[in-house]
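Given next are the chains, with one letter for each unit.
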Amino acid sequence: MIYLVVAYAFGVVILGGFLALSLGHLRELSAKASEKK
Amino acid sequence: MTRYTRLTGAAVLLMLVAGALIFFYAPEDFLQKEPQRIFYLHVSAAIAAFACFAVVLGASVAYLRTESPRADRLARAAALVGVVLTTVTLGMGMLYAKPIWGAFWTWDARLTSTLVLWIIYAGYLLLRRLAEPGRQAARFAAVVGIFGFVDVPIVYFSVTWWRTQHPGPVIVTNALPPEMLLTFLVTMACTLFLAGTLVAIRYQIETLMDEVPSPAPSHPVGAAPREPEPAR
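Residue numbers (this note's numbering), protein chains in the order written: chain A, 70 to 106; chain B, 3 to 234.
Bear in mind the hints are in silico, worked out from the structure with no lab data behind them. Some clues are possibly wrong.
[To be verified] Residues from chain B shown here face chain A by an in silico Cβ test under 8 Å; the list is partial:
{"hint": "1", "residue": "Glu36"}
{"hint": "2", "residue": "Thr89"}
{"hint": "3", "residue": "Lys100"}
{"hint": "4", "residue": "Leu210"}
{"hint": "5", "residue": "Asp212"}
[To be verified] Covered by chain A, per the in silico footprint, the following chain B stretches (three or more residues, Cβ under 8 Å):
{"hint": "6", "segment": "7–17"}
{"hint": "7", "segment": "39–50"}
{"hint": "8", "segment": "192–206"}
Virtual Cβ for every residue (Gly too), placed ideally from N, Cα, C.
When you get a sec, could you build the whole thing from the sequences and use the hints?
Okay, here's the thing in structure tokens:
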């Protein structure tokens, strides 16, 4: 059971973290681009 | 709410549906018990990673033919998402292997070729990061993107070409009971949607980064900043 929980926690942290970081980066760059315009 | 936020919301919702099927609908495996549930996301992440590397291949061929910056951006975006998905495949695979085989890792053909795949595309990303941006770097990276894909069929067929500890294909051989097969197909579809969302977000990031370049460093990458001249 412990391996199942750790495996899915690993998957959620990697995929969820990457998704959240990418979305945050996109927002930051979009704000910069609109400031430039 | 932007298009990308909506896409992200849909991807998260679909992954929650897949999670509900994995934990509450799919039956427990008679032999492997609870750890068998790792299979659903482990294999889905691997298939989504292969799809991303196929996109890198297509975009790299398109770049070499047309030199379109769009194709180059798509290759960069898909390579990064593919590496993240391969990381999930390898990590979850190791946590699946420990209770079943008694070891996190064994140097069999499937595991080793998957690690090589991760190294090839991590190298591709490193090349993109360290090389001076421009036509030459994009062309070199496109060649790596094309030849790197050679490892994908090697990973897929490794379990049939060589004797491995890793099990052979269970989907194409119809070895799964209907509830497990449905759970797997839904998880795979949801993971592919998530991968598509990630590639779309990363593509937009690459586009904006090309439009809003970061300030150029005052010294070459890897070199120490020059010390000021001492006063004479």
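Against the structure, the hints come out as follows:
| no. | hint | in the structure |
| --- | --- | --- |
| 1 | Glu36 | holds, 5 Å |
| 2 | Thr89 | holds, 6 Å |
| 3 | Lys100 | holds, 6 Å |
| 4 | Leu210 | holds, 4 Å |
| 5 | Asp212 | violated, 10 Å |
| 6 | 7–17 | holds (count 5) |
| 7 | 39–50 | holds (count 5) |
| 8 | 192–206 | holds (count 6) |
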